[in-house]
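Undergrad: This is what each chain is made of:
Number of protein chains: 4
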Amino acid sequence: MGKGRLEAFSDGVLAIIITIMVLEMKVPHTVNISSLKPVLPVFLSYTLSFINIGIYWNNHHHLMYAVHRTNGKVLWANMHLLFWLSLIPFTTAWMGENNFSTWPVALYGLVLFLAGIAYYILAHSLIHLHGKSSDIAVAFGKDQKGKISVAIYFVAIIFSFLNTWISLTLIALVAAMWFIPDERIEKKVDQIDKTNP
Amino acid sequence: MGKGRLEAFSDGVLAIIITIMVLEMKVPHTVNISSLKPVLPVFLSYTLSFINIGIYWNNHHHLMYAVHRTNGKVLWANMHLLFWLSLIPFTTAWMGENNFSTWPVALYGLVLFLAGIAYYILAHSLIHLHGKSSDIAVAFGKDQKGKISVAIYFVAIIFSFLNTWISLTLIALVAAMWFIPDERIEKKVDQIDKTNP
Amino acid sequence: MGKGRLEAFSDGVLAIIITIMVLEMKVPHTVNISSLKPVLPVFLSYTLSFINIGIYWNNHHHLMYAVHRTNGKVLWANMHLLFWLSLIPFTTAWMGENNFSTWPVALYGLVLFLAGIAYYILAHSLIHLHGKSSDIAVAFGKDQKGKISVAIYFVAIIFSFLNTWISLTLIALVAAMWFIPDERIEKKVDQIDKTNP
Amino acid sequence: MGKGRLEAFSDGVLAIIITIMVLEMKVPHTVNISSLKPVLPVFLSYTLSFINIGIYWNNHHHLMYAVHRTNGKVLWANMHLLFWLSLIPFTTAWMGENNFSTWPVALYGLVLFLAGIAYYILAHSLIHLHGKSSDIAVAFGKDQKGKISVAIYFVAIIFSFLNTWISLTLIALVAAMWFIPDERIEKKVDQIDKTNP
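Taken in order, these protein sequences are the chains called A, B, C and D. Residue numbers 1 to 197, in this note's numbering, belong to the letters of the first sequence in order. Residue numbers 1001 to 1197, in this note's numbering, belong to the letters of the second sequence in order. Residue numbers 2001 to 2197, in this note's numbering, belong to the letters of the third sequence in order. Residue numbers 3001 to 3197, in this note's numbering, belong to the letters of the fourth sequence in order.
Since the hints were derived computationally from the structure, they do not count as laboratory data. Careful: at least some of the hints might be erroneous.
Going by beta-carbon spacing under 7 Å, a handful of chain B positions derived as facing chain C [unchecked claim]:
(1) 1029
(2) 1031
(3) 1033
(4) 1074
(5) 1075
(6) 1083
(7) 1084
(8) 1090
(9) 1100
Glycine is no exception: its CB is placed at the ideal position from the N, C-alpha and C atoms.
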């Protein structure tokens, strides 16, 4: 079975998730510059989530590039990933509207943590289908970045009960790790990949 | 007439349905863990509907795979299916916000029942177009699962007036029947298919 | 320039329009069957608009089928059509929430009237591009149905100030004319097409 | 890496942005014609933004037409453009609901200004990838229109603190420049392009 509709459906869901989040930025009823002040944390929260969904779309794009076929397990593994990502508008709004308090940040981290695991399951269901010597297995075999991300999300959840700004820094760090084409990070991850094949 | 745009439009509608449902999960205005308590039934309701829409997308994907062409009747049979599925966000929210009361559960079951019948009509309009010896006729000829699902939904509607949890268990059972690649169910349905060709 | 992205973008917009309309069906806060009563006119209004958008998607699908290329004018003619169609969720909600009163029905008719004209402009910009002997010119040359629809919408707007139910009957009649594969209507339109080529 | 999914994802996001804006046109609770009066500025604001998003889709369509491949930088440059465009529903609503006051108009201009710069970055990341003698470099080399647009947006932001109608006229002028196939403007821009290659 082809991958065309899987990609089209995933693109649709990700495009909607990334766009409806903006509906949570409630339009202020007053017109001076200070009326944007309560919108600011929601905007920052939105920006962080936009980047995170962007990273997932980017990675999904790369992952599917090396894929030749799908099966029932892959379709459901993909649906499972989309389920956790679909909760991001909710957690983003709760976090943004409450100035990054403990429980909202913890829940935000938890959903990212579960999405990270779902991505791992999806990748492995694809490797299982294509075989260990396939392009996708070779490409994903180097995925220490994914495991590190999930681990950092876990630490971020714990830190949210101490200081939410540490959690947010950790979550932003994961985003930066995927976002910035930082040569050092790339090389470091490559080294880890080489020593732990 | 090709099936490309039919698939693209259906993917779009299903992607939007599955994603806007999450907008019904109203963001709480307080920040402690207990403020998530009233969200929980809405979340459970959302999860059930996410899986149901996922099943429909999955089945639609499989159905269209064997299709070579469409006509006016097929386009409208597909639109009819999308109509009932488009009501799921409404019934999901009514059910979730009212802690799975009688009428909301009955209506939820009714919409699933009507969507099941619409799917059956779509499949038969496709079989009618492709002929009885076509791939799609052979593939769908084994669809006892669809008929059983519609029957169970009917029973679930009736039970909602006695005990809604029985209804929800029946609805969840149908989802599980399609979702879990349970060897026994697969075999049983295969046997029914063999004895009633 | 190809037609692929024009179709994809139009499918996306139509899929969203048809689906977000359902968000206007406000979930009742009570759980008895009578709490659905105020939702009923909104539901009927939604159903009418769902069918109308469905007809537009269907016709757009058929129109684009015979198209080989596009240009700037076609892209904007298409955008113009989508603009009027994008207002349907607003007019649908205003009409449904106010029990089909005069002004809401008149505005509903007006938007359909303008969408009908926009469709005509789109078709003619495509015919202009492909030439008078092209497939699309031949196919659309028979479009008396489109002109009749626009005329009926105009009459419906006027009648909304006398009796809105006449307007709604006329609007439903246009939908039925496109929806029902009624042999007599088809033949009559064919005859008109033959006598007025 | 192909451009197919980049186009599909962008089409999806733009289709959603253009359509959810209409949700900000709040349905009036009364039924006389005067109840549409407060909706009018929101409608005008919506129309302006619909045209602006339409222009971006149109330009994106043309830009991608000449593109043969993408890379990580292009994907993020595209995401960056979509980010600013995704804020348009928010700025449109704030501007429309407050009768085109100073700060809302300034913010509206700012988001368009930033989207204009993001488009420029996207185009240059594509030119960098394809080389200076590529089709896309030749096609975009003539883009004085883009630079002029960004400059006018900058002026519009400043004027919003003096008279917002001047700002809106300037913003509408930019839209007209892209929208109307005005021969004079086309020729003037061509002349500028020729003298400043």
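Undergrad: So, for every hint listed, does it hold in this structure?
TA: We went through each hint and held it up to the structure:
Interface hint status for residue 1029 of chain B: violated, as the beta-carbon distance to the closest one in chain C is roughly 17 Å, over 7 Å. For residue 1031 of chain B, the suggested interface contact is broken, since its CB lies about 24 Å from the closest CB of chain C, more than 7 Å. Hint status for residue 1033 of chain B relative to chain C: violated, with the closest Cβ pair at about 25 Å, above 7 Å. With its C-beta approaching chain C no nearer than about 11 Å, residue 1074 of chain B sits outside the 7 Å limit, and its interface hint is violated.
Restraint check, residue 1075 of chain B versus chain C: the minimum CB separation of about 6 Å is within 7 Å; hint holds. With a cut of 7 Å, the hint placing residue 1083 of chain B at the interface with chain C holds, because the nearest CB-to-CB distance is about 6 Å. For the restraint placing residue 1084 of chain B at the interface with chain C, the shortest Cβ-Cβ distance is roughly 11 Å, beyond the 7 Å limit, so the hint is violated. The interface hint given for residue 1090 of chain B holds, since its Cβ lies 5 Å from the closest Cβ of chain C, which is under the 7 Å cut-off.
Annotation: residue 1100 of chain B was flagged as interfacial toward chain C, and the flag is violated, the nearest CB pair being 10 Å apart, outside 7 Å.
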